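Undergrad: So the chains spell out like this:
Number of protein chains: 2
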Amino acid sequence: MITREAKTNKVVRFYQTGGIEVLKTEEVAIAEPGAGEVRLRIQAVALNRSDAIFREGNYLQSPEFPARLGVDAAAIVEAVGLELQELPDVSHQPAFHRDQGPNRKPIKVGDNVLTLAGFNLSQHGVLGETTILPASFVIPYPNQLTPAEASALLTPFLTSWGALIDYGQMSQGDYVLLTAASSSVGVAALQIIHATGATAIATTRNSAKKQALLDAGADYVIVTSEEDVVSRVKEITNGKGVRLAFDSVAGSGLEAITNVAAQGAQIFIYGALAKEPTITPLWTLMAKELNIRGYSNYEVFSNPERFERGINYLYDGVRNGILKPVIAKEFTFEEVVSALGYMESNEQMGKIVVTF
Amino acid sequence: MITREAKTNKVVRFYQTGGIEVLKTEEVAIAEPGAGEVRLRIQAVALNRSDAIFREGNYLQSPEFPARLGVDAAAIVEAVGLELQELPDVSHQPAFHRDQGPNRKPIKVGDNVLTLAGFNLSQHGVLGETTILPASFVIPYPNQLTPAEASALLTPFLTSWGALIDYGQMSQGDYVLLTAASSSVGVAALQIIHATGATAIATTRNSAKKQALLDAGADYVIVTSEEDVVSRVKEITNGKGVRLAFDSVAGSGLEAITNVAAQGAQIFIYGALAKEPTITPLWTLMAKELNIRGYSNYEVFSNPERFERGINYLYDGVRNGILKPVIAKEFTFEEVVSALGYMESNEQMGKIVVTF
Numbered sequence: 432m433i434t435r436e437a438k439t440n441k442v443v444r445f446y447q448t449g450g451i452e453v454l455k456t457e458e459v460a461i462a463e464p465g466a467g468e469v470r471l472r473i474q475a476v477a478l479n480r481s482d483a484i485f486r487e488g489n490y491l492q493s494p495e496f497p498a499r500l501g502v503d504a505a506a507i508v509e510a511v512g513l514e515l516q517e518l519p520d521v522s523h524q525p526a527f528h529r530d531q532g533p534n535r536k537p538i539k540v541g542d543n544v545l546t547l548a549g550f551n552l553s554q555h556g557v558l559g560e561t562t563i564l565p566a567s568f569v570i571p572y573p574n575q576l577t578p579a580e581a582s583a584l585l586t587p588f589l590t591s592w593g594a595l596i597d598y599g600q601m602s603q604g605d606y607v608l609l610t611a612a613s614s615s616v617g618v619a620a621l622q623i624i625h626a627t628g629a630t631a632i633a634t635t636r637n638s639a640k641k642q643a644l645l646d647a648g649a650d651y652v653i654v655t656s657e658e659d660v661v662s663r664v665k666e667i668t669n670g671k672g673v674r675l676a677f678d679s680v681a682g683s684g685l686e687a688i689t690n691v692a693a694q695g696a697q698i699f700i701y702g703a704l705a706k707e708p709t710i711t712p713l714w715t716l717m718a719k720e721l722n723i724r725g726y727s728n729y730e731v732f733s734n735p736e737r738f739e740r741g742i743n744y745l746y747d748g749v750r751n752g753i754l755k756p757v758i759a760k761e762f763t764f765e766e767v768v769s770a771l772g773y774m775e776s777n778e779q780m781g782k783i784v785v786t787f
Numbered sequence: 432m433i434t435r436e437a438k439t440n441k442v443v444r445f446y447q448t449g450g451i452e453v454l455k456t457e458e459v460a461i462a463e464p465g466a467g468e469v470r471l472r473i474q475a476v477a478l479n480r481s482d483a484i485f486r487e488g489n490y491l492q493s494p495e496f497p498a499r500l501g502v503d504a505a506a507i508v509e510a511v512g513l514e515l516q517e518l519p520d521v522s523h524q525p526a527f528h529r530d531q532g533p534n535r536k537p538i539k540v541g542d543n544v545l546t547l548a549g550f551n552l553s554q555h556g557v558l559g560e561t562t563i564l565p566a567s568f569v570i571p572y573p574n575q576l577t578p579a580e581a582s583a584l585l586t587p588f589l590t591s592w593g594a595l596i597d598y599g600q601m602s603q604g605d606y607v608l609l610t611a612a613s614s615s616v617g618v619a620a621l622q623i624i625h626a627t628g629a630t631a632i633a634t635t636r637n638s639a640k641k642q643a644l645l646d647a648g649a650d651y652v653i654v655t656s657e658e659d660v661v662s663r664v665k666e667i668t669n670g671k672g673v674r675l676a677f678d679s680v681a682g683s684g685l686e687a688i689t690n691v692a693a694q695g696a697q698i699f700i701y702g703a704l705a706k707e708p709t710i711t712p713l714w715t716l717m718a719k720e721l722n723i724r725g726y727s728n729y730e731v732f733s734n735p736e737r738f739e740r741g742i743n744y745l746y747d748g749v750r751n752g753i754l755k756p757v758i759a760k761e762f763t764f765e766e767v768v769s770a771l772g773y774m775e776s777n778e779q780m781g782k783i784v785v786t787f
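Protein chains in written order, with the working numbering: chain A, 432 to 787; chain B, 432 to 787.
Bear in mind the hints are in silico, worked out from the structure with no lab data behind them.
The model shown is predicted, which means the values in this text are computed figures rather than measured ones.
Just so you know, not all the hints are guaranteed correct.
A pair holds if it fits inside one copy or across any two, identical chains being indistinguishable in the list.
The list that follows gives simulated cross-link-like pairs (lysine to any residue, SDA-like), each with its CA atoms no further than 25 Å apart [claimed, not checked]:
id	residue 1	residue 2
1	K755	S493
2	K455	A639
3	K671	R737
4	K671	S493
5	K719	I507
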């Protein structure tokens, strides 16, 4: 336990791109927040695949060495910059803060907050005992959640919400196909589909995760190594096919997705886990007038109105007990490298969280 | 000239699938229209690529032998079935007819009409001196058009309208990329883009059709064998990229289209002229949140409300002199087989029409 008087703290940094072996836990000085900034005492960090991609040097942002990493944290505000209450420019602040009008509460010491994607990872990465962040990148979270759960909320649920609800306009009666449904985004999608009254059809490569997917909210689970996806989906949907698909695999599986898609269906591709190239099944696309939409959560996090709609949906769902982040496994900060390695093994169901 | 008293007429039929050599011009008896049907005296038939695909046995409908063919005709109503005025079931009739309310005029002998895609081609194909059609598959056309022009109106313009206007919500200031812009659909798209005040960027393989495309309304023409599509489009759009693409080629060209697409752009694929497979550029799709929409005109012709919106747009455009079908070449009925061969050579710009 580090006390408030400590002058240094431990953070994870790396000096070159590579595998988990490049990561170092280092003792560094605790800095003071500047104008418009806050210092966070980190309580929990949810790991993302993008953490690995950033570390490997393949992310949208390139690391500036020595680089920190980590996006999604739950934390307590430990210090605020002097000018925080009178920020001249809030144009980069998410709508959730900016537009609270008379009820807007400035961030203050002791607040329980979540971090929002979009900041400079090398400078502000949250994987450490403290970090400094621009105040526009933190928001309060519902007190129904533990810090570990809270850290696992935003990225999975906002990513799913953006595709299925905001773009896909999912409603009761829709059939939705999910691939890689045991990922944290997949599990969030299962809950959102369930909350909407739509029907979730999850695919999984082997039967190992079948029961866990059913427990997580899947209405049907198709084991692709044992069952034919096309005939099973036709059977489940009475021949109608699925109106929405939420796919992070692509590759050769896209053909089966288009074959089980209903006329005019929307297929969201938000990942490319398949190793082989993805051939576009043009004739099926044209005959059924299918939409293939490349999707990332960037538009959810960067568009203030959309972000606010998403946060309102999520926080209402959490307060009503309908949505709840699923944590696959918790690790201590001392085990952080093992935690990152475990995430990359793809054995988990839900989020890997490092707690402090 | 065949008089009203003639008992037989010439029609094109085929008895097996294949190339243009399977087509025969035959003298057959003129039939009387049944309940809800009309007999048309054909004046002009616009040829479509789907005529060839149907003849080859690769169309959505399979030919029933002996099979007629041909979709788009301008014609005069020569006879109407006895019960036409009191049809019990108009559910299959396009909205343009069904919903004219007090002003609705029943189809009568002497009307100038166009035929609408969707009927049984083997039985009712329009390539012949007369044909019988359900009355729900004919509509009047604006008298500003010659029969040859009228026959070339619906398929090209409704196809372009459906993608660019109805789905794509094209507006002034949009940049639109067109491939295979010398096709009849491409030429119609150029006119619709021009009418909207958007900017049309057409691509063509060699410089042979460059001037013709500029004359047809293209704001910019990129000759792909001589110029780099990506840098040219960046230059033209001041780095913004195109918000809409209307592509009938796909294949390896899709990568360049996604590279010149603006954030959130819509790419309509309505054909697959390329011989090679179409690899989906997943990362560009996700990074820019692009939509690839498989498109056919089926949804325009089969949805009554959409069809009526499209017809109103087209007919207004024709009456105002803004839209006008472009005829590449006219052939006589005696030259019908040459006409089909010429269409399949891809040398033309606009529609091939057979006149009677």
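Undergrad: Give a verdict on every hint.
TA: Outcome of the hint check:
{"no.": "1", "hint": "K755 x S493", "result": "neither (33 Å within a copy, 53 Å between copies)"}
{"no.": "2", "hint": "K455 x A639", "result": "neither (34 Å within a copy, 62 Å between copies)"}
{"no.": "3", "hint": "K671 x R737", "result": "between (31 Å within a copy, 22 Å between copies)"}
{"no.": "4", "hint": "K671 x S493", "result": "between (45 Å within a copy, 23 Å between copies)"}
{"no.": "5", "hint": "K719 x I507", "result": "neither (51 Å within a copy, 34 Å between copies)"}
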